[in-house]
Amino acid sequence: MIKKLFAAVLLVFMAVMFYQLYSNITEKSELSGVARGYAERGASELGTQNIVTSIVVTYRGLDTLGEVSVLFIAATGVAVLLRRRKEDEEYAAPSKRQSSEILQTGTKLLTPIIVMFGVYIFINGHLSPGGGFQGGAVIASAVLLLFLSDVNYKINHGLFNIIESFSGAFYVLIGILGLLLFGANNFLDNRILPLGEFGMLLSAGAIPVIYSLVGLKVGTELASIIDNMKKD
Amino acid sequence: MTEADNEENKIIKPDFSDPELFCTALPKEVPRMNNIIQKFYDWAQANSLWLLAFGTGCGSIEMRPLYTARYDISRFGIAPRPTPRQSNLFIISGYVSVKTLKRIIRSYEQMQNPKFVIGLGSCTINGGMYWDSYNTINRLDHYIPVDVYVAGCMPRPEALIAGFDELKKRIKEGRGEGANEYAKNFAWYKANQKKIIKDWDMPDYNW
Amino acid sequence: MNIIHIIGFILMIIGFWGLLTQKNMIKIVLALAIVETGLQLVMVTFGFIKGHTAPILDSSELVKGAAEMIVDPVPQALVLTAIVIGVAVNALMLTFVIRLYQKKKTLSITEYKDLKW
Amino acid sequence: MVNPLYIVAILLGTGFLLPLISKAGRRVALTVFFMSLIAVSAISYQWLWSFLFDGQAPAMFYTAGVEPPLSINFLLGFKEAIFITAVNLIAVVGAIYMSTQIKETGYKAMILFLLMVLGLNGLILTADIFNLFVFLEITSIATFSLVGMDLKLNSLTGGLKYMIAGGLASVFLLLGIIILYSLTGTLGIESMSQYVLNVDNVKLLSIGSFLLIFSFIIEMKQFPSNGWAIDAYDGVNPGITGLASATGTAAVFYSLYKIMPIVSDEILSMIIFIGSLTFVVSNLMGLMQTSPRRMLGYSSVAQMGLVMAAAAWSVFSQNEGLFFAAVLPLLLNHFFAKAGLFWITGIIKKNDYRKWGVIRENKVLLGIFIVMVLALTGMPPFPGFWGKWNLVLDLSANFEFFWIFIILLGSLFEAGYMLKWLGVTLKKTYEKDIVAYDSYKVLAIEIVNIMLLIVSFYYFFRQNHTHMGYYLPYTAGLALLGLRFLPEKIKGVLSLASIFLYGYLFLTHQSGFPLFFNAMFVFGAFVLTIATLNRKKKSSTFYGLLMLMIGSLIALVNAENILNFFISWEIMTVTSYLLIHRGRDSEKESFSYIMFSLGGAFLILMGFALAYSENPQALGYGIFSIANENSMTAFILISLGFLIKTAALGVHIWIAGAYSKAEDDVTPFISALLSKAGIFGFVMLLLTMGIPRTEYIDLAYILSWIGALTALIGTMMAIHEENAKRLLAYSSMGQVGYIILALSIMSGLGWTAAMFQMINHFLIKGVLFLAIAGVIFRTGTADMYKMGGLIKKMPWSFTAVMFGIIAISGVPPLTGFGAKWLLYEALIEKGWYLQTGAAFFASTVAFLYCFRLIHAIFLGQPKNEFRNVKEAPAWFIVPQYILIMVIFLFSVFPKLLIEQITRIVEPVFGQGVTWTDGTAYTSLGYWNGTTVMIIVGTIFVVLTAGLLIKMPKIQKVKQFNIVFSAERPETPELTHFAYEFFRPYRRALGWMIAPYAKNFWAAVSEWTYTISDSLRKIYTGNTQTYIFYILMMSVVLFYVTVGVK
Amino acid sequence: MDNFWTTLLYAFLSMFVIFNYGMLLGGVVYKIIARVHGRFGPPVWQPYVNLLKVMGVRTAISHGIMFWLGPVFRFAGGIGLFLFMPVVFGSVWMQNFSFSGDLLLVIYFIFFGQLGMALGAAESGHPYSPMGIMRGLAQVTVSEVPFALAVIALAAQHGTLSITEIVAAQQGGIGNWNMMTNPVATLAGMMAFLGMMMHAPFNLHLAPQEIPVGPPTEYHSNFLGYMQANRAFFASAKLILFMNLFFGGATNIPVLVGKTFTLYMFAVFVGVVNPRFTLENSIRWFIRIPTATGIIAVLIYTFKN
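Chains as they are written, first to last, in the numbering used here: chain G, 1 to 232; chain R, 233 to 439; chain D, 440 to 556; chain E, 557 to 1601; chain H, 1602 to 1906.
Just chain G, same shape as in the assembly (with noise of 0.2 Å):
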């Protein structure tokens, strides 16, 4: 109880600190800084639609190679912790009940769908709302759904492993290209493929390739990552 005081009366202040960043936000009328540039030269330089596409992945690039290297150790990280050992076996999950036939049914009608429609949101990254990430966390719950449906799936670790490995590793080699045919600034620079004609599908450069990689991974290691919890 007096624990509970403690944590209201500290909230409290914490809150009276939330109030005072509150009420000294004034309100933007207009961009500035850097996001004026963006907006002003996002388009014409890199050919994207999308400006936070441009930003995520060519602007801000480094970030979100960062981003998928974090989601990658996160993957590796939860593998490595819930690897088995021998003196885990004793804890083994109890053998599990089958799902229901409306499930089953529904998998596997939704899942290529699923898949599809992932596949088309990070294809369309630099046109419209998504990317990478969005669209693999969506292939992502495909493979979620085949889990909840049939207790006994197994996905294929091997190709999963290949489909990983790859797109990240051409995600690194895009940004090396960069280097390579450009020079010493011009890492993950989008414009190792020609840009393109404005708002088209194949447009803006190596972004949509990189946006695929980037989905590929995400949907693979997220979907390995949940397969791992699984296990126990």
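Since the hints were made in silico from the structure, they are not lab data. Wrong hints could be hidden among the right ones.
Stated by the list, open to error - With a straight-line cut-off of 25 Å between C-alpha atoms, the simulated PhoX-like cross-links for lysine-lysine are:
1) Lys489/D / Lys555/D
2) Lys1144/E / Lys1554/E
3) Lys3/G / Lys489/D
4) Lys230/G / Lys708/E
5) Lys1144/E / Lys552/D
6) Lys3/G / Lys108/G
7) Lys708/E / Lys462/D
We have chain G already, so just place chains R, D, E and H on it with the hints.
Using the frame of chain G, we list chains R, D, E and H on its own:
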């Protein structure tokens, strides 16, 4: 027996025959010089008698008055000393029990060469009223050389002072050679002493 | 000054409350997720400009006057990254919780005090 | 130059491809893993090289072909190059250390490791604040995963705590970033630091920067939001802990350093405050630790606090140079030492520092352990020392004395637990235990050690512009440490030869006080070293340490400035500590010695800093000559430091223990020579500064009373000691009290007295301690009442002690009287009559212990068990008689010595003593040592002859032939009157030596430990408590820094 | 110093005088004590007889070399102390070797004999010897304190530590004596004097019945002779010292005799009418009243100068 007991025993275990602890040499005679200096020394010895303040028996009660204003032996250059090393006069005051004899011998042997003994009271002469006691000696001069006996039971301080006079006379005459006598007849004295003292737990001569 | 800010802050406070009072470790992880959600709301709201539209230049008008017509795209980009990272962290945390549960068969955080002082 | 972005590419590419590569086998995977780490390291070395030697300019690399701030950029300057080099180096070494574990866990562990390294490099290189966040998360998540990798309960618990704290930190970080972004419209650190100047919404700006910094405060594990970190250090696999503690904190620290220019001065002050607080409090809490890892955890946290505060200070005071001078050495010191120590805890898997003796079985590891502990305690020449030194001097130049105090206090606490650990490890008996000294782990630790030494020497040479001759005295010690395999005798002879060489090299070039002191040190060291030749037991370090200590004394005198002075002082402290520590059962005593010594050293440092603040350019002794309002405080602090070394009253409690527990042939060095180091310090201080006085306070007067009371109470305590060495220790204390008293007179006569007394004390204590050493060598005990009657067995030792006590008690005709005579004349001339009285009282009381010393040991009844002891070995006797000959020389011809003293004292104070023929005249009296000696000698000879002639033939008797009230002594033990010899004296005057000082220091130490113990209880181990602290800290700091409207 | 041999000759002369004076003084004192007790007492020449007697003892034992040397040290200390002191002011032949050192030398030389004696006695292995030494030394340490303070006060008063000069400053009538000009220091000094003379009530170190005669309990024969002869020098030297310091010194031998005798009588009479102090008592007494007096004496000059 526990270890602690052992330890204790080890500490209080006297070993009188240990040559590291006691000098085993025997006394030697130191002959008088037959010259004027010796006379001079004799005179000094006679006029500066330092008696060992050791009351061996009941007679020592009669020695206390000697220091008082009434008898005042300091007039004669006689003074008590608390250590046998510095004294040259030993007054055996009364009966000598076997137990005391041991102390007497030790103290006597610790005094330096010109040393004089006065036997005080009849007990030192023939045992006196203790003549047939199982625990006292009868004749003091069987055990240590005695210069002067002062008879009586008890002798008064006046008698004692007369004894001092007698002793002084002897010393001046050059007859106060008890120490040399003791050294000369050491075997005899020691045999006598050992006859009496059964638990002989000291070296033959206490330097 | 935006109501979404307030909602975001309230969510954060709720999350903190959960962090401070819930003993169940899964709930703590969720509470942290709530804090993050609130934070993401706050962040994205910082880029909001009244009357401006989404930063997707799907018309030529927008392409020309983008700077005057779209909201700030940067916070959106940042939030995107933050969300993904948040997911990763949460996944890893849940993994820890799973392993910890296997060790002591309890989810109460007060039981895991072997390391102290 | 290779683009640093390749670091990212290589690590990431390898990481991504490893799942595929691993299909080709573990070996291949491991090879690729190491190859990529080495490649990355190579890139960083290349950069560092070109910065160091090719004058490379800082380079910027941006991505996406768009210039910043639109794009993310990497900035690679000299500092970055240093940091990534260090991080990558430790990464390779850490990988070697953890190779078994990594191999067992499989390629996934390699991925995690690689990506952690990526995160670290990115943190250091990136110049974009959000990118910083991303790399921070990469580092954290990779570290979390590695932490939990071994799946042990403690690792998992620690990891979870770590993650939750990290999560909270990132919440604050993101909030801060977004606020700053919204205000400045940029994310680049450089542009942001420019734009913040134009921001109107100051309030929001300060909130934003506060949140940003606060998240780093959590990441830097600052008090009190650091319980999770310490738990993690404690529980987690030491391989990872070492890595995280070294590299993780370094990288996070560097990123914090990068963003410091953004924030305002108030927030920088907050960082300084929090950092310093953490430094003190964490070290305080470390005092109660028994688990080495936890100890190291507290130390890590504290060091990071200090480094952070120092960095914030360098930014705050806009002193770029300070970063290289102070922050970097502090950090690198921590970096290598902590990694190494954590890794050692991974080999010696003992969770209790008292069981660490087992490390002694591996000499290599033991050596490294000692080096690293000393490095952490901030001893020269390790970088930590330079860092602290430069930081302190810089702070003092800016008059920030409070922070100096805080830093030194924290350092003292840290030294407290570190040295306790070291002390116990070096001495305590341990259970035999099989420890797996995996060669690759030892190799890794050794590499780190070598790096530490390289950095040490780099800083050593960077900082020192004095000619190298100054370091010459240390060479013999270092060489002997290197030649430790030689037999003892050869090492001893080499020592003697090198002391001789030192004498030749130094004495010919010096003059004045340095020559005087150095002559004493060289001569004393030479003579006293002869006694050590008696050593039979092989010891690998003894002569090395001894020569280092002697070298430090010589170097102390040679020092041209306060830096060299302080280095020598510290080396002297450490080596003497290690020497004292060699003695039997000496842990407690040597610990108390080193704590007092270090406390004293820190006081001296603080005083130096105060004096330096007025004249921040020079380091010469001239800084003391500047008079200002600080000079009195400086004087007090420095003198306190020296007083501790000389064991003045109140800070004397270490002396008896240290002297008595040191090895018997070491104690003479400590008493005869080492205590003079404090005197030398006083001399230099007084020569340059004089004694400051104000209208109200006359420090000279106070100092004189300290000296007088030290003499009196030290002597009083000496007479009640049963242990010969303790007795002499207190005697030393008293004798040195006279020297202080004499110095405080500040007149020609007074200083003549001081120097005379110093030489006198040196000679006598050399003789006495050596003689006692010989006795103890034969009898095996230092308890005086257990001995007795040894005169017959050890006549030479007896004679030496007899001359010693005659000289020390000041009885004519030996030198001691000269010292007393000069002292009293000077005191009366000065008009300090009461002090004269006290000194006189002390000198008469000295008779008591003098008699007791010689009686209880040499006179009285010999004990049965010592019947077969022989005279002390000639190795002990010869130096004693050399010293005695000198004593006699100066006794017969005091003019020889006093004239030399007058020559050095005269330029300062004028002549104190004038001479007519052999007679010395002062304004009050006169003394002719020669005629006194002749008269006394003649009388003595005549009387002896007289007694020889007149004496009858003497019968030599034995010990029991005594007049024992007509009884016979029972045993020698019961007859030898020696135990509690002066009991009536204690009954009458015991109140004078009531242990006030002892109780006071005991109370201080107990309070410190109690506070430490109750303070550390705040780390309950409950994660929620830690969350509470973090949030509470945010609120408190928020209101303190940003304030309520 | 211009004529060393003359000095030596004079020294022997004054030694002879002072030896006889000391012996007779002892005899007179015994006599006086006896008279106080209502006795006749020994003849005044008794000390000579005693000395002769012990010198005539025919055997001797020795516990070792230091035991043997102890009395030599003791005697050398006594003679030395005397020789370092100017005895009669203005007299050529009673200056001894006082050019060798000043008051401090004399004060410290007092310890020479005591220390040597202590070493010799302690070698005998007799437990009473160290007991007596312990008591004696312990008492000396505290009785020296008021004495030192008094000396310091004198030095402060006269600005010199030379005994001759201190005496010179007191010439010209009783009004110039330090007793008059510096009464507090004199008081302190005289209280210390009681302790330094080691008469009752401060003679616990001898305690004849408890620890028979204390330190010299094992000494006899010629050793004892040396010690008795020393007593004559030592006591006289101490008396002369006090006379010089506080009572105007002496310009000729009768004055010397008169003053030192009076001084000695002071100690003797205090001793005769007082019982013996325990060690604790005497230490406490010295550290209280005499020391306080001495401190006052010193403080006067601290504030005066």
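A quick look at each hint next to the structure:
1. Lys489/D / Lys555/D: Cα-Cα ~51 Å, so violated.
2. Lys1144/E / Lys1554/E: holds, 14 Å
3. Lys3/G / Lys489/D: Violated - the C-alpha atoms of Lys489/D and Lys3/G are around 42 Å apart, more than 25 Å.
4. Lys230/G / Lys708/E: holds, 21 Å
5. Lys1144/E / Lys552/D: Distance ~33 Å between Lys1144/E and Lys552/D Cα, so the pair is violated.
6. Lys3/G / Lys108/G: violated, 50 Å
7. Lys708/E / Lys462/D: holds, 22 Å
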